[in-house]
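Visitor: The lines below spell out each chain.
Number of protein chains: 2
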Amino acid sequence: MIAKSMAPLLAGASEIRAMFEEGLKLAKVYGKENVYDFCVGNPGLHPPKEVYEAIDYINHNMDPHLVHGYMPNAGYDSTRQCVADYFNRKYGTDWSLNNIIMTVGAGSALCAVMRTVFDPGDKMVVFAPYFVEYANWAYLSGATTVAVPPNEANGFEPDPAELKKILDPSVKMVIINNPNNPTGVIYSPETITGIADVLREAEAEYGHPIYILADEPYKELVYTDQVVPFLPDYYDHSIICYSWSKSLSLPGERIGYVAVPNTMDGFEEFMGALNVANRVACGTNAPSMMQLIVERCIDAQVDVPYYKKNGQELYDIVTKAGFTAVVPQGAFYLWVKSPDENEYDFIKALKEERILGVAGSAFKCPGYIRLSFCIANETIQRSAESFYKVGKKYFG
Amino acid sequence: MIAKSMAPLLAGASEIRAMFEEGLKLAKVYGKENVYDFCVGNPGLHPPKEVYEAIDYINHNMDPHLVHGYMPNAGYDSTRQCVADYFNRKYGTDWSLNNIIMTVGAGSALCAVMRTVFDPGDKMVVFAPYFVEYANWAYLSGATTVAVPPNEANGFEPDPAELKKILDPSVKMVIINNPNNPTGVIYSPETITGIADVLREAEAEYGHPIYILADEPYKELVYTDQVVPFLPDYYDHSIICYSWSKSLSLPGERIGYVAVPNTMDGFEEFMGALNVANRVACGTNAPSMMQLIVERCIDAQVDVPYYKKNGQELYDIVTKAGFTAVVPQGAFYLWVKSPDENEYDFIKALKEERILGVAGSAFKCPGYIRLSFCIANETIQRSAESFYKVGKKYFG
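Which chain is which? The protein sequence lines are X and C, in order.
For my numbering, count along the first sequence from 1 and bump the result up by 54.
For my numbering, count along the second sequence from 1 and bump the result up by 54.
Derived from the structure by calculation, the hints contain no laboratory data.
Note that this is a predicted model, so its numbers are computed, not measured.
One should not assume that every hint holds.
Since the list gives no way to pick out one identical chain from another, each pair is judged satisfied if it fits inside one copy or across any two copies.
What the hints assert, rightly or not - In silico DSBU-like cross-links for lysine-lysine, where the CA-CA straight-line distance does not exceed 30 Å: (1) Lys219 / Lys363; (2) Lys58 / Lys177; (3) Lys273 / Lys374; (4) Lys219 / Lys103; (5) Lys443 / Lys58; (6) Lys218 / Lys58; (7) Lys58 / Lys219; (8) Lys177 / Lys144.
My request is simple: use the sequences and hints to build the entire structure.
Guide: Written out as structure tokens, the structure reads:
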């Protein structure tokens, strides 16, 4: 009754669902306020006031046929131009609306690019740890995913030499998620340069493009002086996918884009195909009113210092409790080394103190756990005693 | 550079694009008001006032974390229950939120069902004429589409006997679009009964379910006393896909649902798989605020009598000009027989008088053209002289 091809997708779903239900169960027993749920990636901060103002303005002043009607599948000209202008201001590009396609969130942006590029049998490379939905999306286009092993020795920055080992002519795309989910690391310009060099060499050897697909929904959530490298400055075949889920706290709205630089070989043909892929495989077009909303909020963002404070405080609590963690540089995740070899034992120990985190195995990196700190600051504060208790169990 | 598997999708896109550009070109030469563009399916009526009121209410009174945040992938419990209640009131079902999954428009609803059901090599049956994006969506899951020939003799109602001829064990699904795009016909209870009988017989013979996928975005747009048959009353393996694009004039917003009756074999397993297909392949979840909006507008609809008047007047004009057309019973399309064997010649003749329509070939039914009447009534009125001129050329 259900397609055999659904099996790999269904297998992954049950683990996530189990975790979600665990949280509900604990909340029922102990009360929601006594459960420290660090599982979710659902931003806790409200959207900035510009979002409410934009909704009001659009609802009361704009032509409803424009606001809620069909537009070209790639999105409103005005919204696409607004995004292009943002890049031009910030990165000195000379892009126009033709470089931008609006999408149903970053997920659909990534899917549309994969559909444009992958034939069955092609390969996609990811750097572990990574968001496993990437592999599911590649699977929809018949591509398989191969992972470069986690580079624990260098603070989870990808190792270009390891990437080189894994390449073969069937590799058509490499995903870079920067700032990174789940590690909170910002990949450095040196790392990106190293990756670009390896890929350029492979392109020349294999005689076909290998795209870098940059998934950058966290690009504004930076807590250090680091600059998130702008990939088109490093590599011609870069494609940028973005979502306002994090920067404007709109994850339910499914609003994002794909940006493709002019340096792309066969730029016009590529954009034409991407536009069709987005129409057929990714929901026809990005939600219309939401396009007009983000256009009016292009320079707005949530209270980033709040997340910075959350990250610092959670890091302090976790390390004071005796655990080892990666200092969060961006995104909103703390990546904690499990004191147990099997991190599910660590997760169990945390759960006994009503702390919920996600196993590193869910990101193909056993031995770690991910704690989301996009939650209320009070929850982090109140979780301290529980972390200390668990720490005492491990370290006395 | 671009996946070979994109080729069939790209082939179709260029014809639609050419038509769109033709309209822009004519408007530039003759002025927008002197071009009678009957190509589009973009509803011309504004959304009902309930939509504006709902946006205002939600923006000013609801928790923004709820409004714009993640919800379960299947949608808000309250929205799903509201849709279930609508079915319960209207059709006497006893559904709950578990029967409903909210989607990114009807397109994603159909895609999610196809992804759940189709393995590569499976077949989908459609009744010509049909919306060709159906075949593109099936192609994404590796399924091929076979069409039952147009039943011109019986006013374009599908012929169950012809369906029977085309069935084989690889057929897993049959699409029924009722009221129909592009013919404007409402399939009768007799036709639906006939189709259900044929499919039940085939299910028994082949030993697997054959689903009816009902695409029903036009179900409120009915201009006669006919009742659009409620498929689950006729056939257990019916799945209903819906969008508010037409009934609330929200086509840009991408908001719809899949409804699955309890009578489905393996109901829970099916819904679980459908939920995963929707998450992975169809944009994660339906846009969040728009879910809450349609929940508040569940009994609202656009000014249907306006479309009815449009349909009658366009029918009168076209037939007075000498052409033959199907009386529109529902949806917002007039299906006109081409006086030329090749309908592209007819389209050319119309274009000389600044009338734009879509070739029946685009719906796999040569010899006809489709005129959309979801436009301003004045445009229809003003087009009369042009139709009469073209009629004179053909009929003297």
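Visitor: Each hint needs a verdict: does it hold in this structure or not?
Guide: Results for each hint:
1. When the C-alpha separation of Lys219 and Lys363 is checked against a cutoff of 30 Å, the pair qualifies neither within a copy, at 39 Å, nor between copies, at 68 Å.
2. Within a single copy, Lys58 and Lys177 get their C-alpha atoms as close as 21 Å, and across copies as close as 15 Å, so both meet the 30 Å cut-off.
3. In this assembly of identical chains, the alpha carbons of Lys273 and Lys374 lie at most 30 Å apart only when taken from the same copy (29 Å versus 62 Å across copies).
4. Taking the closest pair of Cα atoms, Lys219 and Lys103 never come within 30 Å of each other, the shortest separation being 48 Å inside a single copy and 61 Å across copies.
5. Taking the closest pair of Cα atoms, Lys443 and Lys58 never come within 30 Å of each other, the shortest separation being 46 Å inside a single copy and 57 Å across copies.
6. Proximity of Lys218 and Lys58 under a CA criterion of 30 Å is satisfied inter-copy only: 26 Å between copies versus 34 Å inside one chain copy.
7. Only between protomers do Lys58 and Lys219 lie at most 30 Å apart by alpha-carbon distance; the minimum there is 27 Å, versus 33 Å within a single protomer.
8. In this assembly of identical chains, Lys177 and Lys144 lie within 30 Å of each other by CA distance neither inside one copy nor across copies; the values are 33 Å within and 49 Å between.
In summary, the numbered hints that this structure violates are 1, 4, 5 and 8.
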